[in-house]
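Trainee: Could you build all of it, start to finish, from the sequences and the hints given here?
So you can see what is in the structure, the chains are spelled out below.
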Amino acid sequence: MKNVVVLVSILFVSIQTHGLEPLSAEDLSAVSGQGGVYLSGDITINENGGPLNIDGPSANGYSWQTSCTTASTDKRCGGRIAVNSGAGGGWLVLDNIRGRFSFEGLTLRTRKINSDFDGDGAAFNSDVFEIGLPNNLNYEDASFTIANSNSARPTDAGFMQTDIMTVNINGKANLQGNLLIFPTGAP
Amino acid sequence: MMKKIIISSLVAAPSLLNAGLVPMADQELQTVNAQAGITLETSSHLTVGDVTYTEDANRLQLQNIERGSQADISLPSSSKQVVDVLADGSLQINSEVYPTSLDIGAIRINDSAASFGQFRLNYSGTNLIKVGASSSLDNFLEGSFQTSISDAELIWTTNGSSVSFDDIGYNANITRLAIGEAVDGSRTGLNFDLDEFSYSFSTGGVKLGGVSLGTLAGQLALSGDAQIFAGGRDGAEGISLNASLSILDDPTNYVRFTDDGNSLFMGNFSGALNVTNLTFDVMSDHLLLGYDQLDGSFNANQILIGDSSNPVGAIQLDFLFKDGNGYSNRMAFYPGIRQPVYANLPVAIQPYATSFYSGLNSSSDGISAAVEWNLANAEAAYIDNGRMVVVSGIESYGRGDLTLDVRSFDHDNNAGTADKTAIAMGMNRVQGSYSIDGLRVGNKTAPIQGGAELLLSLEVFQAMDFNLDGYTLITAGGVSGGGIQIDGDYLFSDTNIGLSIDENGNGVWATGVNYDIHLRGIQVDVSNTGLSVNRTEQWSTMNVDNMRWGDKITGRSLGRIQLERFEEGSSLTINPGGSGAVCVGASGDAASCAANGGRWEDRGNEGMTVALKAAFAPEGLTSDGSIARNRLTWENNRDLDGSGNPINGTGTQIIFDSYSTSDGLGVADTNDYGFQANLKIDVYETKVAKKFTGADDNGIIGNQGDELIYDDASRTTYTYVANPTAAQLALRPQGFAVQGNVSFKDLQIDQVQLKHPDVALPQTVFSGIVMQNLNMTTNLTATPIR
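Listed in order, the protein sequences are those of chains C and P.
Take the first sequence: its position 169, counted from the start at 1, is 169 in the working numbering, and no numbers get skipped.
Take the second sequence: its position 300, counted from the start at 1, is 300 in the working numbering, and no numbers get skipped.
Hint data in this document are derived by calculation from the structure and do not stem from the laboratory.
Keep in mind that this is a model prediction, so the values were computed, not measured.
Treat the hints with care, as some may be off.
[Unchecked claim] Using C-beta positions, here's what the derived DEER-type ranges look like:
1) C:I164 <-> P:T670: 26 to 36 Å
2) C:I146 <-> P:N741: 21 to 31 Å
3) P:D712 <-> C:Q65: 49 to 59 Å
4) P:A760 <-> C:M160: 31 to 41 Å
5) C:N60 <-> P:Q728: 54 to 64 Å
6) C:Q65 <-> P:I700: 47 to 57 Å
7) C:M160 <-> P:Q350: 47 to 57 Å
8) C:S63 <-> P:D639: 52 to 62 Å
9) P:Q350 <-> C:S63: 44 to 54 Å
10) C:G185 <-> P:D419: 48 to 58 Å
11) C:I146 <-> P:T670: 28 to 38 Å
12) P:A713 <-> C:Y139: 31 to 41 Å
13) C:Y139 <-> P:L499: 24 to 34 Å
Heads up, the beta-carbon is just placed ideally off N, CA and C, and yes, glycines get one too.
Mentor: Spelled out as structure tokens, the structure:
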């Protein structure tokens, strides 16, 4: 995976990668003539359950179907991701994934860096795909459970799962800076 | 120099119904009064062997023409003409044609082996023509015309199969047509002035092999003028035309396609069309049409898809076709089907091209065309509840070969069932390019901005250089009743796609793209809720040689990306209406949204909803026997060939192998739900907050978090405002507001693998990833960055 360098330039946390220095606010304002998109909004996961809760299958004593509301605590109402790192081994599970994220000012654009970055920009002289991080990122009951299971689906025969921990996030994060994505190395 | 029209053989059998009359005596004539004009009733059967239009020694031949009764074309048909001189001195001809058939057996050029096909028109109708002295010295004569055709049928037949337009009703009323002299420099010709031309039509059915695709109807009011001159674009003879045509701004204008009682409707439209030096020439083996410039505009204020209570919004289109970029606007039409040189086609499409043309030879009927175009500029605006987004600076040019015929087609790949009649369209070596400069938001004169990336969700790319070969078969019959079915094979080869680029053409490019697409049983219907596309089966492979950053030729490459897709039972619906009222950033209604931390937005009743269901199938056999799957491969560190280009397959790869959807129990389960993505799209005001304190790109100063507010409705200048008033909120930037929902029951990736070029088989990183029960809703507003 050495082929792609993903450069995160957080204005308050300076990460020096490939010799680039983060742009100051003044440098950012000097960028002109570039297109791009400004995004605001929210992403809500399984607020009222998922499609399996409506008419999902039942097998081996497990039924997906249940009534889900925003206040439901039934873990069947969340999304589920199971990953198997070795054939015949167990599954790492992120279970009961739910919550809302809202943000203002996520920007997407491509631009050429050929100046600034404490002089490194001129040497870099290439295009980057820039993800401008949103100033505000709000979490509202964003939660998931980390678990292990012996098979992928709860409807599998002999399914067993051990929940390890549940993470729940509420609050606001302030994010500033840009995520720059560009290729390097041999294509 | 004018052309020659020769009728080489004519056999007519007219019989005047009043034949055999004897002269009236003077005494008898004295008793006749208040009679005027001449009534001529005829009954005739007409056959003409060949009508030839000769230009520069090249002949356009209409052959085997026959006119007779609709019941039996070999019998005479009847008509009546009443000719009067009116009190104002004008001549009036009132005609009535009883059910008649007109058949043209073939249209050839210079005795070509192949013909454009056979054409037959069944009709009955009336005409009222008044011709009088001109009110202006500029005109030779003036007149008015009324034509009405009813119960007509137009049939085009090639190689024994037909497409027909049934039950055609047609009314045209020209209040004033004046004919005079036109002068263009040293040329003189005829000038036609057309005032208040109202026109309506309807068809009972557009039919293939007797099965209806749907019905078509429309009405529009026109005015215009045209000047016709002798002399074309090639040689000494030919025809050229300058014309201006206006579609009058009349709320009753409409065009409507109806399938099973549900309609696609465009109404209340207006527009203009101007063409300069439109030429017509007969060449040695083709007809040549060309023009120096074609410009115009088109505005449609009412668009309905199925649901007549829910409008989509309005569209406005301005365009200019003009020679440039080394391309001209020319169309050469050849009789018959000109098959491509198969060896010159990309290898991947050759078997499909060979199969498509396999039943045809050099004498098969049909139409072939060599086309070349240059769209110098176009502006396409979409207006949703009064809010406008303009896709600005659309340019395109290219050339290629097309074929069109009607044929018999084994639509279900089953020899045991009856074949269907199909319209067959071939595209060979179509090489072209298009680009979009950017967006204008709010009005047509607002500053151009980036942000055409917003169209990616609709699979509209910012720029594209393409080579396309494709073969399409259209048969009648969707999922129910009318509608159409599409089967096709397509290959985009050596293509560059601009995914996110700036005004200089730099950005993220997918280059060296080879994209083969195979569609089977794509059924398109209009329902009472919208337009639905049922995709029975499709498979494709998109290979991107280099995903480049920067310039499309020299930009740094991320490596090669290959996406293989295999879907069975997928669908797409397009419905009118967007998201309506939504609470962005929280839950709640109009009263509680703000208190819950959200922003209440009433986006109106217009807009559009696109609902996609992709049923990803497990690896398996396609209907043409090949193996297909869903797989994503990323490769880099490739070896280089002698020219320094990376060689695919020689590098390291990460492979997301064989992903598929199911209804919850894995690959053995049903796959009715698939992967669903619903997009409700509106144009709406967007809150744009300043990201940092200080001056922005344009030198406008503001504090972090202040809102960008335009100064007035022209949306050209702006300031940053800490607490905008209600009036200022209406001057927020506008953009696309998308309420999206992505959901699936079960999405499985069989394995994630890594492959080193030194090992024969890839090594597995993850033996399986299973994602279940996801329902993700987004409320996103997206506006171009200033």
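Trainee: If you check the beta carbons of P:Q350 and C:S63, does the distance land in 44 to 54 Å?
Mentor: holds (53 Å)
Trainee: Just to be sure I understand the hint, the distance between the Cβ atoms of C:M160 and P:Q350 should be within 47 to 57 Å; is that true here?
Mentor: Since the Cβ atoms of C:M160 and P:Q350 sit about 54 Å apart, the hinted range of 47 to 57 Å holds.
Trainee: Tell me if the beta carbons of C:G185 and P:D419 are separated by a distance inside 48 to 58 Å.
Mentor: For C:G185 and P:D419 the Cβ distance comes to about 55 Å; the hint holds.
Trainee: Do the Cβ positions of P:A760 and C:M160 conform to the proposed distance bound of 31 to 41 Å?
Mentor: holds (37 Å)
Trainee: For the range 21 to 31 Å, tell me whether the beta carbons of C:I146 and P:N741 fit it or not.
Mentor: Given range 21 to 31 Å: holds, Cβ gap about 26 Å.
Trainee: Is 52 to 62 Å a correct range for the gap between the Cβ atoms of C:S63 and P:D639?
Mentor: Cβ of C:S63 to Cβ of P:D639: about 54 Å, so the range 52 to 62 Å holds.
Trainee: Quick one: are C:Y139 and P:L499 within 24 to 34 Å, going by C-beta?
Mentor: holds (30 Å)
Trainee: Using the C-beta atoms of C:I146 and P:T670, is the stated range 28 to 38 Å upheld?
Mentor: Between C:I146 and P:T670, where Cβ atoms are some 31 Å apart, the hint holds.
Trainee: Just tell me: holds or violated, for the beta carbon distance of C:I164 and P:T670 against 26 to 36 Å?
Mentor: holds (33 Å)
Trainee: Should the hint that P:A713 and C:Y139 are 31 to 41 Å apart at their CB atoms be regarded as holding?
Mentor: holds (38 Å)
Trainee: For the pair C:N60 and P:Q728, does the Cβ-Cβ distance stay inside 54 to 64 Å?
Mentor: Between C:N60 and P:Q728, where Cβ atoms are some 60 Å apart, the hint holds.
Trainee: Take the C-beta atom of P:D712 and the C-beta atom of C:Q65, compute their distance, and say whether it sits inside 49 to 59 Å.
Mentor: Holds: the Cβ-Cβ distance is about 55 Å, inside 49 to 59 Å.
Consistency note: the structure conflicts with none of the earlier hints.
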